[in-house]
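With the sequences and hints as input, model every part of the structure.
The chain contents come next:
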Amino acid sequence: MPLEISLSTLVQIVIWGLINGCIYVLLASGLNLIFGVMKVVNFAHGEFMILGGYVSYWVSIYAGLNPYFSIFVSIGVIGIVGVLTERVCFRRVLGTSKLNEIVLSLGLIYVLQNAMSVLWTDKERQISSPFEFITVHFEIININMRLDLLIVIGVTVLIMAGFYILIKRTKIGRAIRATSQNRSAAMLMGINVEYMDMFSFGLGTALAATAGTLLAILFPALYPQAGAMPALKAFTIIVLGGLGSTIGAIVGGLAYGLAESSAIAILGGTWRDAIAFAILILVLVIRPTGLFGEKEA
Amino acid sequence: MKTISNLRINLKVPRVYLPVLLLATCLPIPLFGFSSFFVFVLTVTFFNISYSSSWNLLAYSGQASFGHAAFLGIGGYTTAIFTIRTSIPWLGLLLGAMASAFAGILVGLTCVKLREWFLALVTLGFSIILVAFTRELDWLTGGVHGLAVPSLLPSVNHYYYGMLALTVFSIFIIYLILKSKTGLAFAAIRENELEAKATGIDVVKYKLLAFTISAFLAGLIGAFYAHFMAYINDQIYGLDYSFLPIIISVIGGIGTIEGPIIGSALLRFISEFLRIIEPWALKIDPVVILIYDKIEPLVMGVILVAVIILMPKGISPWLRKYLMPKR
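If you read the protein sequences in the order shown, they are chains A and B.
Its first residue numbered 1, the first sequence is counted upward by one per residue in my numbering.
Its first residue numbered 1, the second sequence is counted upward by one per residue in my numbering.
No wet-lab data here; the hints were simulated from the structure.
Please note that the accuracy of each hint is not assured.
Stated by the list, open to error - Residues of chain A placed beyond 10 Å of chain B at every Cβ, according to the derived structure: (1) 66; (2) 99; (3) 111; (4) 151; (5) 185; (6) 223; (7) 281; (8) 289.
To be verified - Sample of chain A residues facing chain B (criterion: CB under 10 Å; computed from the structure): (9) 35; (10) 43; (11) 80; (12) 84; (13) 88; (14) 93; (15) 109; (16) 118; (17) 135; (18) 235; (19) 239; (20) 242; (21) 277.
Keep in mind that this is a model prediction, so the values were computed, not measured.
For each residue, glycine too, the CB sits at the ideal point set by N, CA and C.
The following block contains the structure:
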């Protein structure tokens, strides 16, 4: 097919890439935090994201709260759900075998997805934002944008800044980093690593909940099965960006969002999911531990 | 190596007469004049058992594939396309299995050096990439509309015996492998790859072998399944088919022969139970019909999580431990 990409198309691709990138950054950062501290891959991360979206949805409907403020409710609720999940499920199998941990998260996918289906059916929903019909016109590049898109980018920047400060500047953040660097040494320094597990799992799922809320504000894409693919892609991102690296997850998320939206524009929507895995397989063939992966645990 | 005398039939040991008893129960079922739906359901159960067993063999070597549906689908599509184009019956089954085994070697080569979670993602990725290819190559695969697969056998009863034979064949092959030195090597690799290498086991060779045999069996089963269902589309590569053998084998017991049988039986029991109580559930609240098909996977998910937390090795080893303490 002939490729005629005008300037405004290009800008559209970049904007949608950045928007999707924001969702991926939030998801990947949470996943990365959990992996860094617990060395557990939580494949059910996307389900926590969708659950967070539903919490915001119901809060904004029944309490009439502005969806951007219902994010905070969602963060709280899903954070608690995450902490409980760690306490009840993951801690019991931690260290038994890697396969058990992976299969446990697979089981959680089934439980959460189908529980959401049973409770709220498979209807595709969207959180209605008060700014839904407001668009902003940019003179220079001659383009109209929904105001929500800008707000979503702003919210993501704020949340990620908060997350970054929490990890890098606070005492608990230092404890989290210590635990992810060397668990037994951290234990010897008087850090309660099990508490860190719970805290980082809750924090990771809370970040996912933010992603879910933003996703549901932007697209009519809030249905129980919507989380599976984004979570797998988020995992691809942290493989590319470096397992355990905070900046890697941010840069990787944005880069992946851009790559995906240009791939859709060039190749078509069928390849959307395939591309992530093609990249992943390519990277893992060349470097079996990931781009910036650990030597051998 | 085991000598012949160790394999002599000892009727006090249940592992000798239980399979024979099971088989003897299964053989005459279609002759009793059950409804063809019942026979169909049993055939699907045999499909679950054999397909999960092929996954279980791979897991026995320490490689848990999360995209086993890729092999199922390759087998199914190969036989579908071959049989439609050439109208030669039966040969497609073998071709499907061989195509799948070849794909197994390719996936295995990618996966030999990967850690567990990467292996899970890469295998899953292969099945998702196959979905995209199947949709794009619609002149070959029928795209999203799928293909109508020509039937090989005249009735569901014949398919019942076919699937039963295939199940017995797969389980027997897997049994022979697990009893042999190859099985020992698989177990050694699973327990500790480095130590296995140190004792002189060619890790790469055995890992590839596990992938090839498992993919061959899955391809064969997938090919027969496609003929049985008389239809194939890209859903065969879907997450449902990929996760099915994992759920069944993990619940039943990873790396055991009887694990997939127990898991499949449990799954079938739950789904039949839910179907029996459906009229009552609908009488209480008709809205339930919208979400009724989600209850079965929900129950399976809860059981899976409970099994992993409470009996991490699965039901079968747990039963062995508590029912047969003196052994």
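Results of checking the hints against the structure:
1. 66: 30 Å, holds
2. 99: Check fails; 5 Å does not lie beyond 10 Å.
3. 111: Per Cβ check, residue 111 (chain A) is inside 10 Å of chain B; nearest 4 Å; violated.
4. 151: Non-interface label stands for residue 151 (chain A): nearest chain B Cβ at 32 Å, farther than 10 Å.
5. 185: 22 Å, holds
6. 223: Since the minimum Cβ distance to chain B is about 12 Å, residue 223 (chain A) lies beyond 10 Å and the statement holds.
7. 281: 5 Å, violated
8. 289: At roughly 7 Å from the nearest Cβ of chain B, residue 289 (chain A) sits no farther out than 10 Å, so the non-interface label is violated.
9. 35: 9 Å, holds
10. 43: Constraint on residue 43 (chain A) satisfied, holds at 8 Å.
11. 80: Residue 80 (chain A) check fails; min Cβ-Cβ to chain B is 19 Å, beyond 10 Å.
12. 84: 13 Å, violated
13. 88: At 8 Å from the nearest chain B Cβ, residue 88 (chain A) passes the 10 Å test, so the hint holds.
14. 93: 6 Å, holds
15. 109: 7 Å, holds
16. 118: 5 Å, holds
17. 135: Violated - the Cβ of residue 135 (chain A) stays beyond 10 Å from chain B, reaching only about 34 Å at its closest.
18. 235: 6 Å, holds
19. 239: The hint holds - residue 239 (chain A) has a Cβ within 10 Å of chain B, the shortest such distance being about 7 Å.
20. 242: Interface hint status for residue 242 (chain A): violated (14 Å vs cutoff 10 Å).
21. 277: 3 Å, holds
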